[in-house]
Amino acid sequence: MLTKIMAQNSIVEVKGLVKRFPMGSSGFFTALKGIDLTVSEGEFMGLVGPSGSGKTTFLNIIGTLDKPSEGRVDVLEKDVGSLTSKQAAQLRKEEMGFIFQSFNLLPVYTVFENVEFPLLLLNKSAGERKKRVMETLEWLGLTSKVDSRPAQLSGGECQRVAIARAMVKRPKLVLADEPTANLDAENSHNILRTMLKLNEGLKTCFIFATHDEKVISYLQRIVHLEDGRIAKDMKVRSSGTL
Amino acid sequence: MRDRSRSLLPVIVVTLGVMITVFMHAYLSGVLGESLEKTADFSEGHVKVETKAYADNLSQLPNDLALVGVDTLVKSLERLYPEYNWVRRIDFGGLLDVPDSAGNTKMQGAVMGKGLDLLQSDDEATRMGLKKLLVKGRFPSKAGEVLVSDELLEKLHLRPGDRVTLISSTMFGEMAIYNFTVAGSLHFGINLLDRGMMIVDIHDVQMALNMEDASGAVLGFFKNNLYNDKHAVATKTDFNKRYKNDGDKFAPVMSSLSENGLMGFSYTFVKNIAGFIILIFIFAMSIVLWNAGLISGLRRYGEFGLRMAIGEEKSEIYRSLIGEAALIGIIGTITGTILGLSVSWLMQEYGINMESIMKSSSLMISDTLRAQITPTTWFIGLVPGIISTVIGAALSGIGIYKRQTANLFKELQN
Numbered sequence: 000m001l002t003k004i005m006a007q008n009s010i011v012e013v014k015g016l017v018k019r020f021p022m023g024s025s026g027f028f029t030a031l032k033g034i035d036l037t038v039s040e041g042e043f044m045g046l047v048g049p050s051g052s053g054k055t056t057f058l059n060i061i062g063t064l065d066k067p068s069e070g071r072v073d074v075l076e077k078d079v080g081s082l083t084s085k086q087a088a089q090l091r092k093e094e095m096g097f098i099f100q101s102f103n104l105l106p107v108y109t110v111f112e113n114v115e116f117p118l119l120l121l122n123k124s125a126g127e128r129k130k131r132v133m134e135t136l137e138w139l140g141l142t143s144k145v146d147s148r149p150a151q152l153s154g155g156e157c158q159r160v161a162i163a164r165a166m167v168k169r170p171k172l173v174l175a176d177e178p179t180a181n182l183d184a185e186n187s188h189n190i191l192r193t194m195l196k197l198n199e200g201l202k203t204c205f206i207f208a209t210h211d212e213k214v215i216s217y218l219q220r221i222v223h224l225e226d227g228r229i230a231k232d233m234k235v236r237s238s239g240t241l
Numbered sequence: 000m001r002d003r004s005r006s007l008l009p010v011i012v013v014t015l016g017v018m019i020t021v022f023m024h025a026y027l028s029g030v031l032g033e034s035l036e037k038t039a040d041f042s043e044g045h046v047k048v049e050t051k052a053y054a055d056n057l058s059q060l061p062n063d064l065a066l067v068g069v070d071t072l073v074k075s076l077e078r079l080y081p082e083y084n085w086v087r088r089i090d091f092g093g094l095l096d097v098p099d100s101a102g103n104t105k106m107q108g109a110v111m112g113k114g115l116d117l118l119q120s121d122d123e124a125t126r127m128g129l130k131k132l133l134v135k136g137r138f139p140s141k142a143g144e145v146l147v148s149d150e151l152l153e154k155l156h157l158r159p160g161d162r163v164t165l166i167s168s169t170m171f172g173e174m175a176i177y178n179f180t181v182a183g184s185l186h187f188g189i190n191l192l193d194r195g196m197m198i199v200d201i202h203d204v205q206m207a208l209n210m211e212d213a214s215g216a217v218l219g220f221f222k223n224n225l226y227n228d229k230h231a232v233a234t235k236t237d238f239n240k241r242y243k244n245d246g247d248k249f250a251p252v253m254s255s256l257s258e259n260g261l262m263g264f265s266y267t268f269v270k271n272i273a274g275f276i277i278l279i280f281i282f283a284m285s286i287v288l289w290n291a292g293l294i295s296g297l298r299r300y301g302e303f304g305l306r307m308a309i310g311e312e313k314s315e316i317y318r319s320l321i322g323e324a325a326l327i328g329i330i331g332t333i334t335g336t337i338l339g340l341s342v343s344w345l346m347q348e349y350g351i352n353m354e355s356i357m358k359s360s361s362l363m364i365s366d367t368l369r370a371q372i373t374p375t376t377w378f379i380g381l382v383p384g385i386i387s388t389v390i391g392a393a394l395s396g397i398g399i400y401k402r403q404t405a406n407l408f409k410e411l412q413n
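As you go down the protein sequences, you meet chains A and B in turn. Numbering follows numbering that gives the first Met the number 0, with no gaps: position 134 of the first sequence is 133. Numbering follows numbering that gives the first Met the number 0, with no gaps: position 251 of the second sequence is 250.
Since the hints were derived computationally from the structure, they do not count as laboratory data. Remember, predicted model here, so these are calculated numbers, not experimental data. Don't take each hint at face value.
[Said to hold, decoys possible] Computed cross-link-like contacts, DSS-like style, restricted to lysine-lysine with a CA-CA straight-line distance of at most 30 Å:
1) K92/A x K401/B
2) K66/A x K401/B
3) K229/B x K74/B
4) K401/B x K32/A
5) K401/B x K77/A
6) K168/A x K401/B
7) K66/A x K313/B
8) K171/A x K313/B
Given only the sequences and the hints, what does the whole structure look like? Please build it.
Written as structure tokens, this is what we have:
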């Protein structure tokens, strides 16, 4: 019964994941070597490990940007290995948000338009777009910056806009690759507190790829990757206990 | 539209390209077309009948090889091919002698002469626009009156009303001496003609050169004055079949404007110039825009990556890239066409005076270069302006498909 409930609540299920990349004329480099992992709805977890441990590769596969060489990865009940590129794009468009290290905001668009962009892809009406964008910007304390352009914002503000863009469609899953790498300590903590607030308020699952101690200190669950394998999988705190 | 490097700059590039194309087309149509038209009106006609021997020795103005029995020939041509106006022409060379009051030679100058119908109808004068070229005096109104180029008039210190004597040779090789009265002077605007030209009524030339019922050539002009190459070639073929006489070098032979030596080349060139320009423009603009597209594509790599990560499909991004290019192409083409037509119109109306440069030219080119806006000029920029822009974007956008989605995170970190 417990197994069934967990399976129903799981958002990512990984079984025997192997990922190989061709290297040289005939060889392969194996980045992930048999990963088993289940991530449940509303988790705030991180893939932690040194460079080359396979964090980003794992995040790519969960984000349907890449496919497993072996094993099975189900994300939001979809088998990543069997998705067409169109289906994968659809899944990303509807259910996932991405946060990048270098923000990747569109420089000619205002804050409002940057945040609105994913909703345009979802063909939402103008009224709904405006309502959702303003609501999201309010969560992130950016309502005073609605008409600003990225060049007029600080790094921390830019990353908050990027979070707003990821959150505006209320995704079930947000993938963040080193989201604090370009931020100072104060901004990093602000951003992490914001993401945690969103996680707790909206039950959105956050998966980080990071080796930043500041990020690690906010995680509920830490999955240590070493040489393509899970070395440790630790639940370090419960939701709402920070 | 707010990203000027994505919108304004490409629009400017397309606008300039289209403007240059439109202007080039109008300019070449004007310069070559006018030259062709003038040559057709002046010496070649839309079709031309002459003897084979005359055609072979044309540069010598060999009136001894001229057509004879021309009245019958013209009647026959008028009956067989009524869609043409048929006219007689005689070209000749000689000396123009200006006598003093005692009748002795005061001055002499070499002349090229053209005999055409000046007195029986206005058709030839209208066709060649002679009345508009009149500088001094008046148009001939009776036999024995001639027009000379104004430069020659000045050189020989002549005035309208002065008597001059043409010294040339008759059709039979004898010396021809014939007196004329200068009725007026003309400025052709073509250096070759302005240097020493006289225009004489055809009947006077026939009298002077002993060429009764003969002429160097009979020219046919379409009655609507528009050259139709297909029809001209068909007429020529039909005529030459009727008058086939391989052994007789004095038998009349017809040629069309498009087949007439250098004129043929010019005609083909003018006819195909639009195609040439479009091809060159497509090629050049494609390279320019391809490069611009590549640079812009590289610059937009982050944006494309982000859009893919957010969930936009590669095909959607590619389509939007093509859509943007088409929009830029349409805007640039319309703007470029308007600008190109404006510049062309100015050059059509006012022209550029090249008189000093053309002084030694022996080409039948007007010394005022003018553009000519034709129906093609209006839309010549449309196709290449849009196509090349879209091709450039399409080529540069192929990179989107080659991109590994799996590398997005890595790329977007940089």
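Quiz item: Can you list which hints this structure breaks, lowest number first?
Solution: none
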